[in-house]
Amino acid sequence: MLAVAVRTVRWRLVSFAGAIVAVALGVSLVAATGLLMASALAASGAGRFAAVDAVVQANPAITVGQGDAAGGVATVSPPPRLPAGLVARVGAVRGVGRAVGDLAFPAVAFGPRGRLLSVPGADRTEGHGWASAQLTPYVLVAGRPPAGAGEVVIDARLARHGRVQVGARLIVVVPAGPREFRVSGIAVAQDQGDRTQTAVFFSDVAAPLLARTAGQVNAVGVIAAPGVSPDTLRAMLSAGLGSGVQVLDRGHAAAADAGDPWAAQRADLLARPPSWRSSWWPARSRSPSPSAAASWLCCARSAPPRGSCGG
Amino acid sequence: MIAGEALVIAVIGGAVGCLASLPLAAPIAGGLVGHGAAPEGFHASGNPVPFAIAFAAGLFIAEVRQ
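So the protein lines, in turn, are chains A and B.
When the letters of the first sequence are read in order and numbered with the working numbering, they come out as residues 1 to 311.
When the letters of the second sequence are read in order and numbered with the working numbering, they come out as residues 1 to 66.
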């Protein structure tokens, strides 16, 4: 039967080709929009926290209003920081192997001759404490961890593109201002982590001071004790820490990365595109409202104004 | 016979359409980011589910249309 169809096709080649083109266009349109929707709905992934089993962040949901006037729940992004004391509390929960307080703050590094260190494909450099390195994990390939406030370990990609060696001196601009640092080591994240950001690691003592977030962490990365499954770990963390925090699994860990400002936004991309209202729709204050325009027309056409005018 | 021909059309058209959709989705994602409708860094990533849905839709329409 198929053979007959193929044989007769030769006489109707144009309509046959036309049908294929029509189906191809239709399918590509459906698939393309479906891909966009799937990308928007997809979980943020692990991002920089590729080595964690769970991440604890502050609960980003805030109830607006109070009592009878409670108007709903707003989700703040990025979520507020956590007190550094929580790291020890997380570490004390059963099933937790290691709990690491993570900080991420903008750190712009300039090389020996004042040249900006950057990597193609990465749009930002984030500063962290050295303890955060194990959350990706970043592994030292040269030198040693940063000791003291004047030393940094830099991402191997930054070192390669900026031709920076161990022992070089860099100027790094952090929230506390521009500072000079000596490169004590170079660390690499082997095929792990978020390729769109690069990292500069400061000593764990210096990082909160440079970030101006002393006594606070952005999130707590948790690595499970041997033999504890990630699901069990998350259940124990949720039970042990209460409702002030949110426990994310590895598939959503990037949402807790303060150095990934887009990960959290991706979640409610479809629900509430934030800038449509401001840029595409005219603001109500700038244009006369429909009812005001109608009442003006009504009054202009029929003087004296009737009682129903403007209603 | 017509059903067989529709099947050929749907399979070829569906395959071509699925292949064409990824390059098509990328500029749409870029446009969404450009207009501020999607956050910076949003991009279309490969996912088999939309391909399967679109392919099945193509098949269904081709078979019903004949």
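The set of hints was computed from the structure by calculation and includes no laboratory data.
Treat the numbers as computed from the prediction; the structure is a model and nothing was measured.
Do not take every clue at face value.
[To be verified] Simulated restraints, written as ranges between beta carbons of each label pair:
no., chain 1, residue 1, chain 2, residue 2, range
1, B, G34, A, R94, 48 to 56 Å
2, B, L19, A, G215, 48 to 56 Å
3, A, L209, B, V33, 34 to 42 Å
4, B, A52, A, S229, 39 to 47 Å
5, A, L41, B, G34, 45 to 53 Å
6, B, N47, A, Q190, 20 to 28 Å
7, B, L19, A, V166, 44 to 52 Å
8, A, V14, B, L22, 27 to 35 Å
9, B, V49, A, R182, 35 to 43 Å
10, B, V33, A, E180, 17 to 25 Å
11, B, A52, A, V166, 36 to 44 Å
[To be verified] A short, non-exhaustive set of chain B residues, derived as facing chain A with CB atoms under 10 Å:
no., residue
12, I9
13, V16
14, S21
15, F42
16, N47
17, P50
18, I53
No residue lacks a Cβ here, since even glycine has one placed at the ideal position from N, Cα and C.
| field | Hints not upheld, ascending by number | value | Hints 4, 5, 9, 10, 11 contradicted; others consistent.
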